[in-house]
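Student: These protein sequences, in sequence, are chains Y and A. Residue numbers for the first sequence, in the numbering used here: 1 to 500. Residue numbers for the second sequence, in the numbering used here: 1 to 331.
If you are wondering where the hints come from, they were derived from the structure by calculation, not from laboratory data. Among the hints, a few may not be true.
Unchecked claim - 16 Å max Cα-Cα, derived EDC-like pairs, lysine to aspartate or glutamate:
no., chain 1, residue 1, chain 2, residue 2
1, Y, K68, Y, E133
2, Y, K194, Y, D214
3, Y, K187, Y, E133
4, A, K195, Y, D214
5, A, K195, Y, D372
6, A, K221, Y, D329
7, Y, K343, A, E210
8, Y, K325, A, E220
9, A, K195, Y, D364
10, Y, K385, Y, E438
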Amino acid sequence: MEQQPVLLMKNISKSFPGVKALNSVDFELRKGEVHGLLGENGAGKSTLIKILTGAYQKDEGQIILNGKEVNITNPRDAINLGIAAIYQELNLQPFLSVAENIFLGREIKSTNNIISLINWKKTKEEAKRILKELGQDIDPSYPVNRLGIGQQQMVEIAKILSTNANIIILDEPTACLSSKETEELFKVILELKKKGISIIYISHRLEEIFTICDRVTVMRDGNKIITLDTKNTNKDELIKYMVGRTLEQQYPKIKTIRGREALRVENLTRKGVFENISFTAYCGEILGISGLVGAGRTEIVRAIFGADPVDYGKIYVFGEECNIKSPIDAMNKGIALITEDRKNQGLILIDNILNNITLSSLVDFKRKILLDYKEMTDKSVELIKKLNIKTPTVKKVVRELSGGNQQKVVIAKWLCKKAKIFIFDEPTRGIDVGAKVEVYNIMNELVKEGACVIMISSELPEIMGMSDRIIVVHEGKITGEFLREEANQEIIMKAATGVI
Amino acid sequence: MLAKTEIQGKIENKKINVKNLLSSAGALAGLIVLCIALSIMSPYFLKIENIMNIARQSAINSLIAVGMLLAILTGGIDLSVGSVLALSTVIMAILVKNFSLNPILGIIVCLGIGAFLGFLNGIMLTKLHLPHPFISTLGMMNIARGLALIITKATPISGFPKSIQYFGSAFIGIIPVSFLLVIVVYIIYHIFLTKTPTGRYIYAVGGNPEAARLSGINVEKILIIVYTLSGLMAAVGGLVLVGRVNAAYPLAGLGYELDAIAAVIIGGASFMGGIGTVWGTLIGSMIMAVLRNGLNLLGVSAEWQTVAIGAVIVGAVYIDVLRRRAEAKTK
């Protein structure tokens with residue numbers, strides 16, 4: 001039963017400075033289907049979606065909606081065409097009520113008055129009706145920030161339904177949901193399908209793709225690889241298409257010799273966030289920290305770095321007990337934290353490469369009272385070359401670099417400070433595959449030179465591919481520790497979900 | 001590869017420096033056009049006495065504005081400068097006139113009080129965790145103004161020794177000392193902001209406070225330094241004002257914070273923080289002084305001058321917006 005697709009995207013291309021994000025990509029969506037969009041970080045999924053929702057402009061290609069070519073130049077166009085997206089970060093006004101959020105910008109007015117005021121009674125009734133259609137029993141007058149994340153997502157779906165959207169994009173919708181909330185979401189997705197609404201479902205989680213999707217399109221390095229019926233494929237095949245290369249090529253792990261103790265943490269606790277965290281990391285070793293999103297991994301390393309407070313616990317750096325109260329203390333002990341959110345926490349985006357690289361070590365470039373710019377430039381150029389940062393000049397503004405090069409600037413900043421313990425939090429998030437391998441090679445280089453590397457990652461292949469040793473965190477506690485040889489996907493997942 | 005990057009780095013270094021100059025060039029071009037127009041309209045405008053007059057008239061705002069620039073670079077603002085100017089100068093006046101304090105010590109006390117009030121602004125912001133410097137400095141603006149009125153019983157104090165009048169009214173040759181002071185101060189601040197770690201930290205804190213903190217910068221300390229310096233510069237401006245009119249009065253500096261903000265913004269600094277130069281601010285301050293002077297010469301009333309200044313603020317920033325947009329498009 002071949003039918004005319006609801007949406008056809010043809011030969012879509014898009015480039016950013018230094019990166020070809022999409023290379024002549026085709027995508028087809030049928031009425032009432034749930035279509036999975038699969039690919040690693042940097043594969044081009046988000047870019048494709050942002051073009052569809054008007055957040056980005058395509059360089060080339062056509063978008064055909066119900067047989068007619070359309071021109072989507074801004075988010076408003078997309079909404080008017082019935083295309084709506086729900087992102088990981090929800091787009092709600094936290095202090096406004098559920099009903100007000102649903103009808104924000106399209107308020108229901110009283111019509112018979114001379115001055116048309118908002119008809120709150122009708123607004124609430126309508127909101128209640130839409131939520132009920134979704135099987136949700138949420139009080140429409142409740143402020144959104146007092147709802148759980150799952151319910152907030154339902155409010156967002158209700159908001160989209162009230163605009164009469166017929167194409168809904170869900171971007172990693174289950175990333176922050178509990179398993180019960182996920183089940184609830186799947187029920188709602190089936191409801192939407194019945195109404196003839198088409199859904200593009202983006203996820204990393206292969207199980208979900210098989211549970212909920214009719215078809216799946218795999219993307220890699222900005223290219224569409226293949227579209228398959230989910231019933232005619234299996235996990236291994238999808239992984240093969242996603243990765244496109246062998247594990248060895250993707251994770252260029254080298255063998256190193258474990259050196260002396262670098263960082264030891266004993267009973268580190270921050271009430272309600274993490275409890276009794278104890279582990280040791282060594283020089284010449286990559287220690288992977290695995291676990292689900294929200295397990296408390298980021299909070300633990302932020303506490304070690306002095307960015308967040310702790311209630312009790314001890315931290316030893318190279319065998320010496322340290323009282324780390326701020327990032328300044330941690331930095332002076334040789335610890336570096338390369339945060340997961342480099343744009344907001346790692347870089348001064350409006351400043352240039354030179355100033356970003358030297359930011360933490362400016363004092364080292366001080367001659368009497370003034371800075372020695374020649375030395376700063378020389379050092380920056382040296383690091384740019386060492387880390388292969390692609391830029392014509394040290395004066396390039398960091399905002400204009402690609403994600404991978406931005407990440408390398410952050411690493412360069414800590415190399416410039418001569419850090420000895422490098423904590424990477426999701427080091428390859430949002431950077432393209434080539435740059436990932438470069439980041440892994442930098443880690444290799446670091447441990448080879450005797451540094452200690454700690455790497456948080458949500459990507460199991462990455463954890464298993466690069467770590468010498470792995471600890472697993474679940475709900476603020478360490479639930480497992482494995483050597484590289486003992487580790488497999490199954491036992492790590494068990495520890496990460498608290499099954500063992 | 002290294003050689004290539006290095007060479008390119010050097011070449012581009014120069015190119016970008018030119019570009020950096022150009023970013024305050026909009027304001028500079030505005031200043032030049034304004035001067036040409038005024039010199040055509042009024043033959044007196046280009047006379048040396050008049051130019052020195054402008055130099056003198058712009059001095060107070062220039063001195064205050066460089067402190068304001070620091071606050072705005074961190075993404076903040078200092079609304080208290082006008083009141084800090086008043087309180088620090090009337091305290092000096094009372095000590096010198098009523099308690100026969102040595103005038104040099106009086107000057108030091110004046111500067112010290114300005115710096116101390118600024119320091120308190122910084123403390124309120126960082127230690128009391130008031131959400132925005134708009135609030136802490138708004139409070140200080142009222143507190144300092146009120147105290148200045150109380151201790152003077154709302155009356156001016158006049159007649160000062162030569163040493164106190166020096167910065168406001170003396171000349172070296174034909175050049176007013178106040179303007180020389182501005183030049184010296186601006187050179188010092190230029191070096192401070194571009195060539196010292198603390199100066200660079202100010203940009204970093206304004207560009208991204210969280211990234212700055214996680215880069216091991218003591219953000220609170222930087223903010224306290226910034227507001228202390230802003231208070232100090234208000235007192236320096238006050239010293240010039242007292243010298244010029246030979247009087248200290250509790251309503252001195254009323255509205256000066258707005259002139260200082262205007263100079264910084266006309267000079268191309270970003271209100272979001274992280275972007276701005278001392279030279280831009282100096283040009284901004286000069287534009288305001290030239291405009292007032294020129295309109296005076298042309299016999300335009302004070303009321304209409306205010307309208308003109310307002311239009312220049314909006315116009316200058318709008319031109320900047322257009323420029324940025326054009327830049328973004330060419331990328």
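Student: Could you run down the list of hints and mark each one as holding or not?
Tutor: Hint check results:
In summary, the hint linking K68(Y) to E133(Y) is not supported, as the alpha carbons are separated by about 31 Å, beyond the 16 Å threshold. Taken as a hint, the K194(Y) and D214(Y) pair is honoured in the structure, with Cα atoms around 13 Å apart against an allowance of 16 Å. A C-alpha spacing of about 12 Å is found between K187(Y) and E133(Y), which places the hinted pair at or below 16 Å, so the restraint holds. Proximity of K195(A) to D214(Y) is assessed by CA-CA distance (about 61 Å); at most 16 Å being required, the pair is judged violated.
Between K195(A) and D372(Y) the CA atoms are separated by roughly 8 Å; this keeps the pair inside 16 Å, and the hint holds. For the given pair, K221(A) sits about 15 Å from D329(Y) by alpha-carbon distance, which is consistent with the 16 Å threshold. Taken as a hint, the K343(Y) and E210(A) pair is honoured in the structure, with Cα atoms around 10 Å apart against an allowance of 16 Å. For the hint linking K325(Y) to E220(A), the alpha-carbon distance of about 14 Å falls within 16 Å, and the restraint holds.
Distance hint between K195(A) and D364(Y) is fulfilled; the C-alpha atoms sit about 13 Å from each other, no more than 16 Å. Distance hint between K385(Y) and E438(Y) is fulfilled; the C-alpha atoms sit about 13 Å from each other, no more than 16 Å.
The structure is inconsistent with the numbered hints 1 and 4, although it conforms to all the rest.
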